[in-house]
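Student: Here's the letter readout for the chains.
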Amino acid sequence: MKKKAIAREFWQHLVDASSLINIQLNKGAMILEKRKGAISISERIAYEVAYDPRISKTDPLRQFVSRNPQVITEFQDNEGEEYLQILRQPGIDPGEASVMAIALNRRLPLVIDERDTKATGKAKNHGIKTLSWQKFLRES
Amino acid sequence: MLAGFDELCRTALEFENLLNKKREVKLPRFEESVRPGAAARSLREEFDVGDRPLSDLREQLESKGVRVFELPVPEDAFSGFSFWHSEYGPCVLLNATELKGRKNFTLAHELAHLLYEHVPVLCSIPIKLREVRGVEEFKANQFAAELLLPETGVARDFRKRGLSPTPSEKELGQMADKWCASIQALGYRIENFGLIVGGHTDTLFELKPKFFKRSRTPKWKRQLGTQFVETTLEAYEKGLISAGKVAGGLGITVREAIKEIQQRSKQQS
Chain D
1 MKKKAIAREF WQHLVDASSL INIQLNKGAM ILEKRKGAIS ISERIAYEVA YDPRISKTDP
61 LRQFVSRNPQ VITEFQDNEG EEYLQILRQP GIDPGEASVM AIALNRRLPL VIDERDTKAT
121 GKAKNHGIKT LSWQKFLRES
Chain U
1 MLAGFDELCR TALEFENLLN KKREVKLPRF EESVRPGAAA RSLREEFDVG DRPLSDLREQ
61 LESKGVRVFE LPVPEDAFSG FSFWHSEYGP CVLLNATELK GRKNFTLAHE LAHLLYEHVP
121 VLCSIPIKLR EVRGVEEFKA NQFAAELLLP ETGVARDFRK RGLSPTPSEK ELGQMADKWC
181 ASIQALGYRI ENFGLIVGGH TDTLFELKPK FFKRSRTPKW KRQLGTQFVE TTLEAYEKGL
241 ISAGKVAGGL GITVREAIKE IQQRSKQQS
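Just so you know, the sequences run in chain order D and U. Per the working numbering, residue 1 is the first one in the first sequence, and the count goes up by one each step. Per the working numbering, residue 1 is the first one in the second sequence, and the count goes up by one each step.
Hints are supplied without guarantee of correctness; some may be wrong.
Straight-line alpha carbon distances no greater than 25 Å define the calculated SDA-like cross-link-like pairs of lysine to any residue that follow [as the list claims (entries may be wrong)]:
hint, chain 1, residue 1, chain 2, residue 2
1, U, 259, D, 56
2, U, 21, D, 88
3, D, 36, U, 221
4, D, 57, U, 261
5, U, 221, D, 59
6, U, 21, U, 222
7, U, 22, D, 55
8, U, 238, D, 85
9, U, 221, D, 66
10, U, 259, D, 132
11, D, 57, D, 68
12, D, 57, U, 248
13, U, 259, D, 62
14, U, 259, D, 53
15, D, 27, U, 259
16, U, 259, D, 58
17, U, 259, D, 51
18, D, 124, U, 18
19, U, 219, U, 62
20, U, 259, D, 28
21, U, 259, D, 90
22, U, 259, D, 66
23, U, 259, D, 24
24, U, 221, D, 90
25, U, 221, D, 51
26, U, 219, D, 54
27, U, 259, D, 25
28, U, 266, D, 25
29, U, 219, D, 52
30, U, 259, D, 94
31, U, 259, D, 64
32, D, 135, U, 18
33, U, 266, D, 24
34, D, 129, U, 238
35, U, 221, D, 52
Residues from chain U that face chain D, not an exhaustive set, calculated with beta carbons under 8 Å [stated by the list, open to error]:
hint, residue
36, 14
37, 18
38, 198
39, 240
40, 241
Derived by calculation from the structure, the hints in this document are not laboratory data. Here the structure is a predicted model, which is why all the values come from computation and not from measurement. Using N, Cα and C, we set each Cβ at its ideal position, and we do this for glycine too.
Please construct the entire structure, taking both the sequences and the accompanying hints into account.
Tutor: Here is the structure:
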């Protein structure tokens, strides 16, 4: 059982801002701590959930990201260009575009609000494996 | 500031396109030869308000295809700005930090520039309207006064209130509030009708300048307008945009956007 839990955390997931917020709102920040080894976020998502100056210092996600800066991943190789290309598509915001670019390049699954059909559809069109935040948590 | 305004107009158009909503512009245009009073009266007829206060000018204009946004202008550098864009259509920017009545006057002023197709300029409407410079600015002020403060209705209201020829700023303020105009605009207007003593408005301003100054910056919903907020949330509901895009469009954080979405969802269910 323990072996399985360790193995699972080797499989990184890119997580978008609304999924992080929904997880924290519905299940609490502790669950994020528990799964932090599986969570990877772009710099843009880190800004949206933690470093935006309008976000309170006591915000649970701000504290989570501050405690675990290793979850933030920078663009590598051609991910910056990919990001700009995805961002050009209507209905996609910079946060989503950034995690989609990384997920696409590194072939990682993307935890995205499944309600966001347009973005989810676009991610799938790009060949990215997507899953909802609920499904991501069920894996724990 | 202007880049932020352009961004809002562009975002509004993007969401409308996603929703396949075609924005129809139903604004008349006037030749320069048309007097501001005649133009204002024809518009009041179109709004079907008779000589009553025009309390919903922003909503009326938005329903006619005009995009209206409010943004706080640093150091009150200007009161308003408007332009016709080939894609966005007619757009108006108002200084969000100004008082409600003054903002409404600026909106009517900017509307005049749109209707007469004046060259876009940043309009700084002086506190003392008599200090206005330039033919187009003067014309826009005349139009705004005629549109918001129709002679018959205002004169009747003044008499009904039994006000003296030297009303207090409180009395003028209450009346201006009803007519959705600034105290100064109302004061000058009724001075022109001969209902109050000439120069009384300036005297009031000089005695109590604070009374005429700024209000608190309105909340983001008021700044962006109901129509834009509704369009944005509708696009989200239909799965066309994400919560992050909602946040970007409304200029709030993703967490605030999710809260707004949840509140709307609760209201609807």
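Student: All the hints need checking, so say for each whether the structure fits it.
Tutor: The hints, checked one at a time:
Distance hint between residue 259/U and residue 56/D is fulfilled; the C-alpha atoms sit about 15 Å from each other, no more than 25 Å. Restraint check for residue 21/U and residue 88/D: satisfied, since their Cα atoms lie roughly 21 Å apart, inside the 25 Å limit. Taking the CA atoms of residue 36/D and residue 221/U, the gap is near 36 Å; set against the 25 Å cutoff, the hint is violated. In summary, the hint linking residue 57/D to residue 261/U is supported, as the alpha carbons are separated by about 23 Å, within the 25 Å threshold.
At most 25 Å may separate the alpha-carbon atoms for a hinted pair to count; residue 221/U and residue 59/D meet this at roughly 23 Å. About 22 Å separates the Cα atoms of residue 21/U and residue 222/U, which keeps this hinted pair within 25 Å; it holds. In summary, the hint linking residue 22/U to residue 55/D is not supported, as the alpha carbons are separated by about 36 Å, beyond the 25 Å threshold. Restraint check: the Cα-Cα separation between residue 238/U and residue 85/D comes to about 24 Å, which is no more than 25 Å; the hinted pair holds.
The suggested pairing of residue 221/U with residue 66/D is violated, with an alpha-carbon distance near 31 Å, which exceeds 25 Å. For the proposed pair residue 259/U and residue 132/D, the alpha carbon gap of about 19 Å is at most 25 Å, so the pair holds. With a C-alpha separation of about 15 Å, the suggested pair residue 57/D and residue 68/D falls inside the 25 Å cut-off, and the hint holds. Proximity of residue 57/D to residue 248/U is assessed by CA-CA distance (about 21 Å); at most 25 Å being required, the pair is judged to hold.
For the hint pairing residue 259/U with residue 62/D, the CA-to-CA distance comes to about 17 Å; that is within 25 Å, so the pair holds. Taking the CA atoms of residue 259/U and residue 53/D, the gap is about 18 Å. The hint holds against a cut of 25 Å. Note on residue 27/D and residue 259/U: the hinted pairing holds, with a Cα-Cα distance of about 16 Å set against a maximum of 25 Å. Restraint check: the Cα-Cα separation between residue 259/U and residue 58/D comes to about 17 Å, which is no more than 25 Å; the hinted pair holds.
Of the pairs offered as hints, the one joining residue 259/U and residue 51/D holds, with about 19 Å between alpha carbons and a cut-off of 25 Å not exceeded. Of the pairs offered as hints, the one joining residue 124/D and residue 18/U holds, with about 19 Å between alpha carbons and a cut-off of 25 Å not exceeded. With a C-alpha separation of about 19 Å, the suggested pair residue 219/U and residue 62/U falls inside the 25 Å cut-off, and the hint holds. A C-alpha spacing of about 16 Å is found between residue 259/U and residue 28/D, which places the hinted pair at or below 25 Å, so the restraint holds.
In summary, the hint linking residue 259/U to residue 90/D is supported, as the alpha carbons are separated by about 23 Å, within the 25 Å threshold. Distance check on the hinted pair: residue 259/U and residue 66/D sit about 23 Å apart at the alpha-carbon level, within 25 Å; holds. Between residue 259/U and residue 24/D the alpha-carbon distance is near 13 Å, which keeps this suggested pair within the 25 Å criterion. At roughly 23 Å between alpha-carbon atoms, residue 221/U and residue 90/D fall within 25 Å of each other, so this suggested pair holds.
Between residue 221/U and residue 51/D, the direct Cα distance comes to roughly 24 Å. Compliance with the 25 Å bound is thereby established for this hinted pair. Of the supplied pair hints, the one linking residue 219/U and residue 54/D holds, its CA atoms being roughly 15 Å apart against a limit of 25 Å. Taking the CA atoms of residue 259/U and residue 25/D, the gap is near 10 Å; set against the 25 Å cutoff, the hint holds. In summary, the hint linking residue 266/U to residue 25/D is supported, as the alpha carbons are separated by about 16 Å, within the 25 Å threshold.
Restraint check for residue 219/U and residue 52/D: satisfied, since their Cα atoms lie roughly 19 Å apart, inside the 25 Å limit. Simply put, residue 259/U and residue 94/D have alpha-carbon atoms about 20 Å apart, close enough for the 25 Å limit, and the pair holds. About 20 Å separates the Cα atoms of residue 259/U and residue 64/D, which keeps this hinted pair within 25 Å; it holds. Simply put, residue 135/D and residue 18/U have alpha-carbon atoms about 29 Å apart, too far for the 25 Å limit, and the pair is violated.
For the suggested pair residue 266/U and residue 24/D, the alpha carbons sit about 20 Å apart, so the restraint of at most 25 Å is met. A hinted pair counts as satisfied when its Cα atoms are at most 25 Å apart, and residue 129/D with residue 238/U qualifies at roughly 22 Å. For a cut-off of 25 Å, the pair hint linking residue 221/U to residue 52/D stands: about 20 Å separates their Cα positions. Annotation: residue 14/U was flagged as interfacial toward chain D, and the flag holds, the nearest CB pair being 6 Å apart, inside 8 Å.
With its C-beta approaching chain D no nearer than about 6 Å, residue 18/U sits inside the 8 Å limit, and its interface hint holds. With its C-beta approaching chain D no nearer than about 49 Å, residue 198/U sits outside the 8 Å limit, and its interface hint is violated. A cut of 8 Å between beta carbons decides the hint on residue 240/U: the least distance to chain D is about 5 Å, and the hint holds. Using the Cβ-Cβ criterion of 8 Å, the hint placing residue 241/U at the interface with chain D is satisfied: the shortest such distance is roughly 5 Å.
Going through the hint list in order, the structure does not satisfy hints 3, 7, 9, 32, 38.
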